[in-house]
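**Q** Residues in the sequence shown are numbered consecutively from 3, following our numbering.
In short, the hints are calculated from the structure, not lab data.
Heads up, a few of these hints could be off.
Unchecked claim - With a straight-line Cα cutoff of 30 Å, these simulated DSS-like cross-link-like pairs (lysine-lysine) come out:
#, residue 1, residue 2
1, K71, K7
2, K17, K88
3, K71, K17
4, K87, K48
5, K48, K33
6, K48, K83
7, K71, K88
8, K71, K87
9, K48, K71
10, K71, K33
11, K7, K83
12, K87, K17
13, K88, K33
14, K33, K17
15, K17, K7
16, K7, K88
17, K88, K48
18, K87, K7
Stated by the list, open to error - Just the calculated beta-carbon pair ranges, DEER-fashion:
#, residue 1, residue 2, range
19, K17, D63, 17 to 23 Å
20, K33, P92, 29 to 35 Å
21, P82, G54, 34 to 40 Å
22, E52, Y91, 25 to 31 Å
23, K87, K17, 36 to 42 Å
24, P58, T14, 16 to 22 Å
25, N22, D63, 26 to 32 Å
26, P58, R28, 30 to 36 Å
Think of the CB as a built atom: it goes at the ideal place given N, C-alpha and C, for glycine as much as any other residue.
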Amino acid sequence: LGVGKGVYDRLTEQKYAPHNVRFSERAQDHKQFANVRAECYWMAFKWLNEGGSLEPHWNWDQLASVRYKVDSSGRIQMMPKAELKKLGYPSPDIADAFVSTFARKSVVNQSKEERQLNKGLLQQFDFHRERRALTHKRGS
């Protein structure tokens, strides 16, 4: 595993249930996307275009520097970080972390009926979101 292994291990140690994302693995829609990374970027792009929004943060500008290309099979492939660096773009670490949240079907993006089935997970999500908001307010 990559650099994220230490974070994954620590979260597991703290009784969280992190989901391991391997960008290099085969995409679910492997006819359109070269790998999971390309598929995640596509889903994030689609989500943002359909009204999804992010809280303001200076690191989101990384999303604008990410580039893609089409491979010899006609599939979308994100430009590797080494190529981005050669072109003068910063490493999109924050952007990669954001799009990795699309690697797995999200409870938040489910239909109303599906959300009812997963109400406990949503309550846990809301608890952590409120806790972050309180921590943010105290630090202001």
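**Q** It remains to establish, for every hint, whether it holds in the given structure.
**A** For each hint, the structure was consulted:
no.: 1; hint: K71 with K7; verdict: holds (28 Å)
no.: 2; hint: K17 with K88; verdict: violated (40 Å)
no.: 3; hint: K71 with K17; verdict: violated (39 Å)
no.: 4; hint: K87 with K48; verdict: holds (26 Å)
no.: 5; hint: K48 with K33; verdict: holds (18 Å)
no.: 6; hint: K48 with K83; verdict: holds (22 Å)
no.: 7; hint: K71 with K88; verdict: holds (15 Å)
no.: 8; hint: K71 with K87; verdict: holds (16 Å)
no.: 9; hint: K48 with K71; verdict: holds (17 Å)
no.: 10; hint: K71 with K33; verdict: holds (15 Å)
no.: 11; hint: K7 with K83; verdict: holds (19 Å)
no.: 12; hint: K87 with K17; verdict: violated (36 Å)
no.: 13; hint: K88 with K33; verdict: holds (29 Å)
no.: 14; hint: K33 with K17; verdict: violated (37 Å)
no.: 15; hint: K17 with K7; verdict: holds (15 Å)
no.: 16; hint: K7 with K88; verdict: holds (27 Å)
no.: 17; hint: K88 with K48; verdict: holds (28 Å)
no.: 18; hint: K87 with K7; verdict: holds (24 Å)
no.: 19; hint: K17 with D63: 17 to 23 Å; verdict: violated (34 Å)
no.: 20; hint: K33 with P92: 29 to 35 Å; verdict: holds (31 Å)
no.: 21; hint: P82 with G54: 34 to 40 Å; verdict: violated (26 Å)
no.: 22; hint: E52 with Y91: 25 to 31 Å; verdict: holds (26 Å)
no.: 23; hint: K87 with K17: 36 to 42 Å; verdict: holds (37 Å)
no.: 24; hint: P58 with T14: 16 to 22 Å; verdict: violated (31 Å)
no.: 25; hint: N22 with D63: 26 to 32 Å; verdict: holds (27 Å)
no.: 26; hint: P58 with R28: 30 to 36 Å; verdict: holds (35 Å)
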